[in-house]
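Q: Chain by chain, the residues:
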Amino acid sequence: MEPSLRARVRDGDPDAFGELFDGYTRAVYSLAYRLTGNRTEAEEIVSLTFLEAWRLHDRVEPHGESLRPWLLGITVNVVRNFTRAARRHQAAMARVPDLGVVPDFADEVVTRLDDAARLDAVRAAFGRLRTDDQDVVALCVWSGLDYESAAAALGIPVGTVRSRLSRARRKLREAGAGTPSREHPASGEPGARSGQFPDDGRSRADRWTQPARRPARGGTR
Amino acid sequence: MNDSRGNRAVMGGGDEISELTRLLPPPAVPEMTARRSQALRAHLAAEMARERYGAAPVGALPRRRRRAARPWVPALAGAVTVAAAAAVAVTVLMPGAPGGGSAVAGSSGPAAGNSGPAAGGGMTAMMLLAKVADAAAQRPEPKVSDSEFVYVRSEVSWGTPLHERQVWVSVASLCDPPGLLIEHGKRISLGNQDAASQPTVPGFCGGGVNDPTYRFLQRLPTDPQALLNFIYHQIRGERWGNELAREEFTTIGDMIRESIVPPKTAAGLFRAAALIPGVRLVGHATNAVGRPGIAVSFKGPGDLSPSEWIFDPVTYQFIGERGGNNSQTAILQQGFVAHAGQLPRR
Chain A
697 MEPSLRARVR DGDPDAFGEL FDGYTRAVYS LAYRLTGNRT EAEEIVSLTF
747 LEAWRLHDRV EPHGESLRPW LLGITVNVVR NFTRAARRHQ AAMARVPDLG
797 VVPDFADEVV TRLDDAARLD AVRAAFGRLR TDDQDVVALC VWSGLDYESA
847 AAALGIPVGT VRSRLSRARR KLREAGAGTP SREHPASGEP GARSGQFPDD
897 GRSRADRWTQ PARRPARGGT R
Chain B
42 MNDSRGNRAV MGGGDEISEL TRLLPPPAVP EMTARRSQAL RAHLAAEMAR
92 ERYGAAPVGA LPRRRRRAAR PWVPALAGAV TVAAAAAVAV TVLMPGAPGG
142 GSAVAGSSGP AAGNSGPAAG GGMTAMMLLA KVADAAAQRP EPKVSDSEFV
192 YVRSEVSWGT PLHERQVWVS VASLCDPPGL LIEHGKRISL GNQDAASQPT
242 VPGFCGGGVN DPTYRFLQRL PTDPQALLNF IYHQIRGERW GNELAREEFT
292 TIGDMIRESI VPPKTAAGLF RAAALIPGVR LVGHATNAVG RPGIAVSFKG
342 PGDLSPSEWI FDPVTYQFIG ERGGNNSQTA ILQQGFVAHA GQLPRR
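Chains as they are written, first to last, in my numbering: chain A, 697 to 917; chain B, 42 to 387.
Isolated chain A, as found in the complex (with noise of 0.2 Å):
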């Protein structure tokens, strides 16, 4: 009777978007933190992703579970083509209210000198990765999607979100991540102010992986 919240959101029902903002926020914000590293744009990219769900909601399947696969799915294309999306919703986003300065995640986050390390190392693994491997792994690996559903999302065959895993199950092998980097000594020593990445020039979000607005590749490399 009640029609259900994905046929609404194909609808076009701007409380059906409310509903759908109110139930994934949390996981967009989490996955664009975590591509981004970045606590400002991780918000920019929850607006977008959202803006665009809007703009897309014709293209929900009619049928389906959850809609959070599609709005992750959103998510990473919105971090891979942030320019594009920051550009059509240009005049959107200059109205996003501004809440002022996002305090550093690092003082609020992490609090231990071994979290920051173990952070760090995990950074620079993933920020080793390829984009392809990094955005089937943020999805499958950290926002707990399966295999069919990261497909789904990313517009991939299976096999291909199979492959990408284990390529970069590999690569994390061979590098020996899981525990913290020899790459960055300072940020585990002493003295080193808690939970700031070694200070070399670069954005954090250049630090912890490289979104495709971001002319270089490679990150923390």
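Quick caveat, the hints were computed from the structure, so don't treat them as lab data.
We put the beta carbon where it would ideally sit given N, CA and C, even for glycine.
Keep in mind that a hint or two might mislead.
[As the list claims (entries may be wrong)] Quick list of simulated restraints, FRET-style, between CB atoms:
hint : chain 1 : residue 1 : chain 2 : residue 2 : range
1    : A       : ASP707    : B       : ASP187    : 26 to 34 Å
2    : B       : ASP175    : A       : GLY760    : 42 to 50 Å
3    : A       : ALA703    : B       : GLY319    : 28 to 36 Å
4    : A       : ALA790    : B       : GLY382    : 57 to 65 Å
5    : A       : SER862    : B       : GLN79     : 36 to 44 Å
6    : B       : HIS204    : A       : ALA703    : 45 to 53 Å
Since the structure of chain A is provided, determine the placement of chain B on it from the hints.
A: Same frame as chain A, but now just chain B:
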């Protein structure tokens, strides 16, 4: 639900995800504060609303003549007006009204406009509508049974001589029991026969946005944006851009014209009206019987004159409307009664 496990078993040799999770544990994510989240949500809602007011798509349908809501209710020329705020169980009597009587509208005597805040000084339409909404929200919710009738007495002119109009409509139905209209000395039954002359619309008898019953109004969402969305759906595919804004103003007007609006609904409707682009403040206005008030107006594309909803400057009750072709009304009394034709006590 999370099928990744199953898929992994099928697809990956070994537990790939587990190993990847160990190799690359998910970085902790800071919480977005509620304030930031709310702000982004509000921004999204505003952008969606804005898009609805955007330029008409190529091939947009020409504006259709709006169907007279209740066939027996002449819409004010041009765009419509509203009626509403005074959702009070007791009667609302304006002094000096023909046949007038007793009770004074609202609490603080709103008699022939003396008092009242300096209308207009620094006030905007949004501010006025906010005050009107707040005042409406504070009125007590009347207890009403389905067998009762909404009674509204007004003085109206549609470019014609001013005359009295009394209408009774069942709380729950436009059809049964039938309502009653007394105008120009004639008693006209409003009920089944009128329904029969309507296009067959499921649920017609329960009321709609253009011809609400009290129960219909009670069921409406009270969130302003949700109300606009609801209206948008009701008129979907027919209006764009400024046409849509006018339709929204008009539709809200229809809902409050000859109605008693439940307090929460009234508050929502006026807050919704505040979101419609192009609504302006009219610092000084008078209703059809000369009672001064403060108004909001809307002038749609092609309208020769704006439509105004006039409010008492002290109680913020709706006291009448004004539109094109010298149309004007004054709400004189409203209340719930047991039978059609019966007058409210007092």
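Q: Could you tell me which of the hints above the structure violates, numbers in ascending order?
A: Going through the list in order, the structure violates no hint and respects every one.
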